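If you want the building blocks of each chain, they are given just below.
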Amino acid sequence: MMAQAEKEAILGDIHSKYLPIENFEYPTGMRLAVNFTIDFDAQVNRKLKNEPAMELTQGEFGGRVGIWRLMDLFDRYGIKLTIFTPGRVCELFPEALKEAAKRDHEVANHMWEHRVPSEPDLEKDHLQKATVAIEKLCGKRPVGTRSDHKISSLKKEGYIYTSNDDTNDIPYYVLSDDGKDWMLNLPFHYVLDDAMYFHFGWYGSGNAGQRLADPGKVYELWLSAFRQLYRMGRYMNIIFHGFVSGRSLRVAMIDRLIMEMKQRPGVWFCTCEELARYCIDRYPPEKMKDRK
Amino acid sequence: MPWKDGYTITDEIGLRDEEVTWPENFQCAVTLIVDYSVQGGNDGIASKDLTKPQAIFGAKIGVGRVLELFESYKLRATFAVPAIMAEIYPEMVREMTERGHEVAAHGYLHEDVSSLEVNEEKRRLNLTTHILTETCGKKPEGWFSLPRQQDRYPGGQISPNTIQLLIDGGYEYLGNGMADDIPHYWVVDIHTKRHILTLPYYYHFDDLFFLMFPAPGMGSGLENAMTLFENWRQEFEGTYRRGRCFTMVVHPHLIAWGNRIEMFERFLLHIKGFPAIWNPTGSECARYWKERYPASSFLNLEESIWRDYPGSLS
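Protein sequence lines correspond, in order, to chains A and B. Under the working numbering, the letters of the first sequence match residues 1 to 292, in that order. Under the working numbering, the letters of the second sequence match residues 1001 to 1314, in that order.
Rather than coming from a laboratory, the hints here were simulated on the basis of the structure. What you are looking at is a predicted structure, and each value in this text was computed from that prediction instead of being measured. Honestly, I wouldn't trust all of these hints.
Computed cross-link-like contacts, BS3-like style, restricted to lysine-lysine with a CA-CA straight-line distance of at most 30 Å [what the hints assert, rightly or not]:
hint, chain 1, residue 1, chain 2, residue 2
1, A, 129, B, 1004
2, B, 1004, A, 98
3, A, 136, B, 1004
Listed next, the stretches of chain B that the computed footprint assigns to chain A, with coverage defined by at least 3 CB atoms under 8 Å from CB atoms of chain A [claimed, not checked]:
hint, stretch
4, 1013-1019
5, 1168-1180
6, 1230-1243
Note that beta-carbon positions come from the ideal geometry of N, C-alpha and C, so glycine has one too.
Okay, chain B solo, but in the shape it has when bound (with noise of 0.2 Å):
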């Protein structure tokens, strides 16, 4: 493939329909993704975010309802929980893995990494991983960086060391990326081939930024949660005609709320209708997608055809 470091950061031609296939010959895969987080600023979750009432509400109610939901339907679901509400509720993280979910990394403080200096993201990244190995006896196997409301752009930051990191620091996925639909590999380096393997990911099944988030210059603020049920809806049952991997993420303070839970039962009800869909965690996904396809015989690298040119952007 034509690799351009800065470009490109994985192969050049997905996997087609007719290649993918799931486990005991499952038509889709579907994976849950709750980012645990509450609203915080750009360094991350601070104090005064905790103690407000629709953070309360989130990490305390709103997420009992939403693993009430996986229950009744027999769900299983990601959790992406950053290291400091493993602080504040470690009971309740306890539970998420007591009752047959994942908990995954999703930073320290839900913080913008991108311009953290190495040994900074190095830190925290350690420090995460600590704490939340502390609270659920056991190392997390992936790591998250969804976006925040009030970002720029709704694909989540990373800084230019984040990849090298994760796979320095052990992590066996990283839990969002969007250049397929399906498990793609995420590569840092060609020459080594150094990689990490990335679980897809897409804004238009995030329930962020559809619903209401009325402060000055940060959107629309307007309720549009029939659009997503529609944008999950319509995905799903496209996904599962291609026999691909749906994705959506949810978060507790957005999605518990009156109208919303209500929508997000009957969607899990509506995807509950298809028969033979794989609901694996994300480290069982991946843990299936590297047997399945190893990067050793499915990553097609090649050395960059590309040059730089005077006048142009290298």
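Same shape as in the complex, but just chain A (with noise of 0.2 Å):
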């Protein structure tokens, strides 16, 4: 039997690293809120995982002509992604990111080079680095993040959301490291993101781990996700890398689930930025501090 203490320092976690929105309500006449973002890696991961020249060519694909086809899709309909890039793909595809800023897409930090040092100085260096690169090419500082970076980093650039935790489908906040402020995470799940299904190869997935989906099968588990959390009410945060849903096929394949989502009334389709911003001022979590 786990001995009290231990269980009270469990539950004491629990209660004080983690602060959900009670009774969460979207804005009035909308019931869910989807945002579509893209993890913009290009090769730059596939370099840190070290792997050979062809997976690199793989993932420029996603630089050279997926990241366009997504946007081209997306701005068909009139919605706006959230692009988390790592900073050094700023030099790498510029001209898709100017083109992303100038579509009035957001541009969010995904880490400098897809890894957060555990050193201290170089974990802040990395973060100043990729926030200035991005403000740089796209005339406006970034203000999310999908990464590993330490709320006191993040807080002192300025950052006011994270999309990093998954497994949940409501916004909550998130303790900082220093135990001094409070984070907003728009939450994803593994099920909601591309790589799982496409991705042979997925850090070190190997053969073992086959991922060569029917895109149509994906079609029909993400929209049964998506009739029923708008059912419930919840949130849908769906992630695409340009070298896996960039391919024709899936591309054809978001068309035909975006034209779904649309026969709903009441779909809030927003930036994190949005989506952050209303949640931050709707539910301040300092208001929220004395919950029992």
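Need the complex rebuilt from these two chains, each delivered in its own frame; the hints are there to steer you.
Structure follows, in structure tokens:
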């Protein structure tokens, strides 16, 4: 049987590190927010994992073809994407990111080179480099991240949200590493991540983890998730990668998916920043601190 | 473009759909690739691999069925042939060219060349060229580096010297690269702009990873023929609408059996129902591309804006 002290410590952590938003409500008329997000890794993450040359060309597809196709698709529907980009991609594919900013898609942070260094100074340095690179290229300082950067570091750089922790279906706050502050998290779920279905060899999954799904199956799965989340009035954060979802067969599938989602009233297609600002404004963490 | 050695092989922005045109107003290009390998290890096809039942089935019976299908649907393909296969089955390889298909090189043994010393890789490349030239009476124009089932990554293995050696060896094109879904230029040197035309490849349209390979650690062991059909169909239809290049790869020892060859035929029948499809061999596609989109005016390269930073990957 667990010692009482240990049990209390766990319960204390659960209570103190996560701040749920009770009775969450969307703006009038809305019942589900959908964020379409892109992790713009291109070949940076492939390089970081020291993958062979051909894998780099796979990533390169995302920057020179895929990202453009996804932007074109979502522009046709007037939906704004949130593009989480490694800072270094600002030097690899500047035209695509400039274009994204010009078309009013949100450009957010996805680390400097797809890793967060454990050395404290370097961690801050990488965050700063990525932030500045995006600001310089896109003309606007990013306010969101998808990374394990320390919340204290993120706060100092002016970030207001992270979209990093998985497995929930409603926004919530996480406690800063220094215990002083809260940061909004817009949770994703691996069910809604294209790479899980379509990227063979993801993080060394190798042949045993064959990820070669029929897009039609993924369409059914995502639509089923959408229907249920809509019914419950929760939140949906779908992750694309340019080199995965930018392939013709998947762009066509996403096209069908958007068309279907558009059929229903009350779906809020917004950027992560828009949703984050709404949450922080309507449910400021300091007003919920005295919860029981 | 922000060139960065070791990260980038071609220019920053690919051609948009509206910029891509094919000869005689064809709507899209379809290139069929047959990997005439049998399964081997990392060092490539060994003698013992050639005498396995699956290998014999593929190299003798399976390939015949595939050739018959192409014949009945009036389709032309490019056969990626390891030199050792031409040594063992020269008549079969000659038959491919006699029936109007192209024979391209696929390594000496379809081995992993990624860690070969440069002179050894060059020796094998020249040997491969020589053997295929002797077999077919014509120098191969294309070179493939397709993956093998046991590979850790699905894009095929090349060494840091491969592209340079192919250019030196007079090859007109590399058959498989993943940076686009139309032909594109693989650049080896930003200053001289030395390059080789590369034809598109994507492992989701290669039968290799879809059809049961039940060895320990090698895969799900599941038969995913229908998933393969769906990937082919949806990509073909998407590519057709966009007017780009659809490329698929089959292996005779995998595709020619039972339900799979039935599925393969059904797919060929499906694409034959679409008008205005251009079905070139690899070299015809490459020739057209170099003329219509010459690197001198379509390869947009600029010096790098990429710098090295302390504490970062170079």
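Run the structure past the numbered hints and jot down the numbers of the failing ones, going up.
Every hint satisfied by this model.
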